[in-house]
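Peer 1: Construct the complete structure from the given sequences, taking the supplied hints into account.
For the first sequence, position 693 (counting from the first letter as 1) is numbered 829 according to the numbering used here, and the numbering increases by one without interruption.
Do not take every clue at face value.
To be verified - With a cut-off of at most 16 angstroms between alpha-carbon atoms, the simulated EDC-like pairs for lysine to aspartate or glutamate come out as follows:
#, residue 1, residue 2
1, K751, D721
2, K945, D923
3, K362, D333
Because the hints were derived from the structure by calculation, they are not lab data. As the structure is a computational prediction, the values presented were derived from the model and not from experiment.
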Amino acid sequence: MQPRFDPQAADARWQAVWSEQRTFEADDTAPRPKTYILEMFPYPSGRIHMGHVRNYTMGDVIARVRRAQGFEVLHPMGWDAFGMPAENAAMERGVHPGNWTRANIAAMRGQLQRLGFALDWSRELATCEPDYYGHEQALFLDLLAAGLVYRKQSAVNWDPVDHTVLANEQVIDGKGWRSGAPVERRQLSQWFLKITDFADDLLAGLGTLDAWPDKVRLMQENWIGKSQGLRFTFQIADSERSFDVFTTRPDTLFGASFAAIAPDHPLARALAADNPALAAFNTECLATGTAAAAVETQEKMGFDTGLSVIHPLDASRRLPVFVANFVLMDYGTGAIFGCPAHDQRDLDFARKYQLPVPRVVAPAGETPDAIGDEAYTGPGVLINSGFLDGLDIDSGKRTVIARAEAGGWGDGTTVWRLRDWGVSRQRYWGTPIPIIHCEFCGAIPVPRADLPVILPDDVSFDVPGNPLDRHPTWANVDCPNCRRPARRETDTLDTFVNSSWYFIRFASAPLETPFDRRVASAWLPVAQYIGGVEHAILHLLYARFWTRALQRIGMIDVAEPFAGLFTQGMVTHETYRAVTGEWLDPQAVERDSGILLERATGLPVDVGRVEKMSKSKKNVVDPDAIIATYGADAVRWFMLSDSPPERDLAWSEAGIEGAWRFVQRVWRLAVPSDASGEDADLARALHRTIAALTADIDRLQFNKAVARLYELTSAVERAAPSATRSEAVRTLLQLAAPMLPHLAEEAWAALEQPGLIADARWPVADPRWLTDDSVTIALQINGRLKDTMVLPKGAARDVVEAAALANPKVQRALDGIAPRKVIVVPDRLVNLVA
RNA sequence: GCCCGCGUGGCGGAAUUGGUAGACGCAAGGGACUUAAAAUCCCUCAGAGGCAACUCUAUGCCGGUUCGAUUCCGGCCGCGGGCACCA
Numbered sequence: 137m138q139p140r141f142d143p144q145a146a147d148a149r150w151q152a153v154w155s156e157q158r159t160f161e162a163d164d165t166a167p168r169p170k171t172y173i174l175e176m177f178p179y180p181s182g183r184i185h186m187g188h189v190r191n192y193t194m195g196d197v198i199a200r201v202r203r204a205q206g207f208e209v210l211h212p213m214g215w216d217a218f219g220m221p222a223e224n225a226a227m228e229r230g231v232h233p234g235n236w237t238r239a240n241i242a243a244m245r246g247q248l249q250r251l252g253f254a255l256d257w258s259r260e261l262a263t264c265e266p267d268y269y270g271h272e273q274a275l276f277l278d279l280l281a282a283g284l285v286y287r288k289q290s291a292v293n294w295d296p297v298d299h300t301v302l303a304n305e306q307v308i309d310g311k312g313w314r315s316g317a318p319v320e321r322r323q324l325s326q327w328f329l330k331i332t333d334f335a336d337d338l339l340a341g342l343g344t345l346d347a348w349p350d351k352v353r354l355m356q357e358n359w360i361g362k363s364q365g366l367r368f369t370f371q372i373a374d375s376e377r378s379f380d381v382f383t384t385r386p387d388t389l390f391g392a393s394f395a396a397i398a399p400d401h402p403l404a405r406a407l408a409a410d411n412p413a414l415a416a417f418n419t420e421c422l423a424t425g426t427a428a429a430a431v432e433t434q435e436k437m438g439f440d441t442g443l444s445v446i447h448p449l450d451a452s453r454r455l456p457v458f459v460a461n462f463v464l465m466d467y468g469t470g471a472i473f474g475c476p477a478h479d480q481r482d483l484d485f486a487r488k489y490q491l492p493v494p495r496v497v498a499p500a501g502e503t504p505d506a507i508g509d510e511a512y513t514g515p516g517v518l519i520n521s522g523f524l525d526g527l528d529i530d531s532g533k534r535t536v537i538a539r540a541e542a543g544g545w546g547d548g549t550t551v552w553r554l555r556d557w558g559v560s561r562q563r564y565w566g567t568p569i570p571i572i573h574c575e576f577c578g579a580i581p582v583p584r585a586d587l588p589v590i591l592p593d594d595v596s597f598d599v600p601g602n603p604l605d606r607h608p609t610w611a612n613v614d615c616p617n618c619r620r621p622a623r624r625e626t627d628t629l630d631t632f633v634n635s636s637w638y639f640i641r642f643a644s645a646p647l648e649t650p651f652d653r654r655v656a657s658a659w660l661p662v663a664q665y666i667g668g669v670e671h672a673i674l675h676l677l678y679a680r681f682w683t684r685a686l687q688r689i690g691m692i693d694v695a696e697p698f699a700g701l702f703t704q705g706m707v708t709h710e711t712y713r714a715v716t717g718e719w720l721d722p723q724a725v726e727r728d729s730g731i732l733l734e735r736a737t738g739l740p741v742d743v744g745r746v747e748k749m750s751k752s753k754k755n756v757v758d759p760d761a762i763i764a765t766y767g768a769d770a771v772r773w774f775m776l777s778d779s780p781p782e783r784d785l786a787w788s789e790a791g792i793e794g795a796w797r798f799v800q801r802v803w804r805l806a807v808p809s810d811a812s813g814e815d816a817d818l819a820r821a822l823h824r825t826i827a828a829l830t831a832d833i834d835r836l837q838f839n840k841a842v843a844r845l846y847e848l849t850s851a852v853e854r855a856a857p858s859a860t861r862s863e864a865v866r867t868l869l870q871l872a873a874p875m876l877p878h879l880a881e882e883a884w885a886a887l888e889q890p891g892l893i894a895d896a897r898w899p900v901a902d903p904r905w906l907t908d909d910s911v912t913i914a915l916q917i918n919g920r921l922k923d924t925m926v927l928p929k930g931a932a933r934d935v936v937e938a939a940a941l942a943n944p945k946v947q948r949a950l951d952g953i954a955p956r957k958v959i960v961v962p963d964r965l966v967n968l969v970a
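Peer 2: Right, here's the structure in full:
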């Protein structure tokens, strides 16, 4: 028995044993109930960071506990390996994206393995390998065949220097994030996935996800953005032409004072053809990026087309038609009717162009004021609205929709904020879109037999733009249809496509097909998915869509991929600044009698805010160095301690040292003993800990589970040797094993227990020890605590009351005055109202 | 602007459906062991008053409901997040 637990030796030893025994490999055919625990797979950036360690430690605890509880657990790991950073590395350092990515994967795999995670490495995958993305190409063609993929012209953010499309997130203040060049809006042919086909399903499905955070469900709900209202046609006066508008407030139609269309509305473009002033206005509106935050302060601008439309409810009324900068082509129909009295934007516009502001809604029972600078959007009753007068807003909406439908000039309809998912990227390091463009046959799918379409290796990054596009031969193929020379699609798929089905491939990875329906469906949905809240919308919505799409075409039996979701907080660290104002590395700082000094200069250090670890603030702590010093278990323990998992965790040197001390404390308990006899107090503490800790982990409240293990450890340390104590030590090790797996195995072996502790069944609390025959009852006077007393559990009210009144402290406080009222809460408290 | 969430000791945080506020950890202070250090162990630790028994004040602020409020309601203040000319 060594006096100290030595993680440097133990970690590697047990990791080797688990690997040799294939302890954590999932068996598709096991008779046990299956469960699937998954953490969001990492991008192979080069090194694991503390956020990964926290994320994967949480998942690991769940996976290990479920396994001990008798589940067949699938807990895999892989690499989200396509994406921009690899191309940036290629451009900056001349390395091939594939080599860079694969080297990073190798390094990070080693780091994860040193943390001792209970992962099934036999199922490891990397999305950048043809044996993954080739199947993705097959799925893309399946969705295409099912009519869920289409191609259309679409406006994109185009960086004129880097010759590439930028995602909205990569446009900062209207400029490309790399080049700094003003971004242009360009029309390009792009592939789209019909996520809007599933808008209703995705929204309704949120209601079934009761093990998701409310916050995430709400964010998705808002993102999908369902609006119900009326779509109707404005007939242009003295013309054959017309255009459609959408409104959520058909009740206010009598309050209309103008109509407005987007600068890129087909009508606006047509009018601009022979109106240079309008053409200039349209160009000016479109030049201002929509991504800019300046939108808020941007002034409403309009251009009077001189046209007017006929009011649909009163053919004698005419409304002027403007082209307006605040009307967006890609929402609704790209045209509106303006009701200034009850919409703030319309009011701002009307005031600027001196349009009438007729009020049509008034609060019930009030004489309406004239509208000033603020539109009235509250509840009320319709006025100045002919046949609608006196109706409330909801009845008004229904009445107008019914009349529009009866009259054939409009329909009640639903409009979504959600747009179809554009998946084309003008990049090299992604899944090639398996399409061949033929001058004669159009866009033709690559024949299945020719999949995968493999990325060429011989590409150069010395000039900006897409290397696939300028590759001398790769794109040259014959049309599968007519055999004439044709050209491959050189765009690749958005990396979010890669992460939309990787969890299915983990569950089933046959050679020839993307997955086996029955095998995959047996594991899915993921019981517990864990990752950062930054993926609350995009990744989680895309994965939900992709799964539903596969279900619709009969490839899988589940609609929702993730039954349980947990979003963990970030790992933060204090920031340090030298007197010169430069950020300082934690390693460059030393503590001298409570004061922080810069190591190099001995000058005092300014301690800044606790912030997310980032290179720019130099407050990053590298997990590798910490593991080398303290071992995997101390790091894991620290990651679970103190902070609730959904909140941020502040890394500190003192914290990791505390974790290290605890690891050693538990180790010192692992001494074989043949003591006999029962210790009832310890047994009670032990079984309560089993019950409470198991419940804590079920709720992912790891910080509470940690606190309970501290308490149990103290209780065991204090207890005299007994059979109960020996049992308590073994059970303590089992309870701690999911968090401290290496220490637990080492101690289990030291206690000469058979087999691996990883294979031991999870302890079950004996109900005998969970009930008490006596309870502590609080004694209050006017709600203030005076004393407590111990009584048999379930004592009758009058007995409790009598005992309370007999209590000396109560008697002294009452000073002979009889209480006016006595409140007895059985087994809890007595409150005397004096 | 709209929609969410959160404010508890020096710090991270505990506290079943309203029922003994501050579990557990960190930091700090004191002590034991040691030639010394490391390691370990013990004690104190919300604030104020008091020799003490004890008393008072405390869960962002102001009110309300209640025998009793960290918990429920209303109004403020502060912090964080999401969305944003969405018709």
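Peer 1: Does each hint fit the structure? Answer for all of them.
Peer 2: These are the hints, each one checked on the structure:
1. K751 with D721: Holds. K751 to D721 sits at ~9 angstroms (cutoff 16 angstroms).
2. K945 with D923: The given pair, whose Cα atoms are some 7 angstroms apart, holds under the 16 angstroms limit.
3. K362 with D333: 13 angstroms, holds
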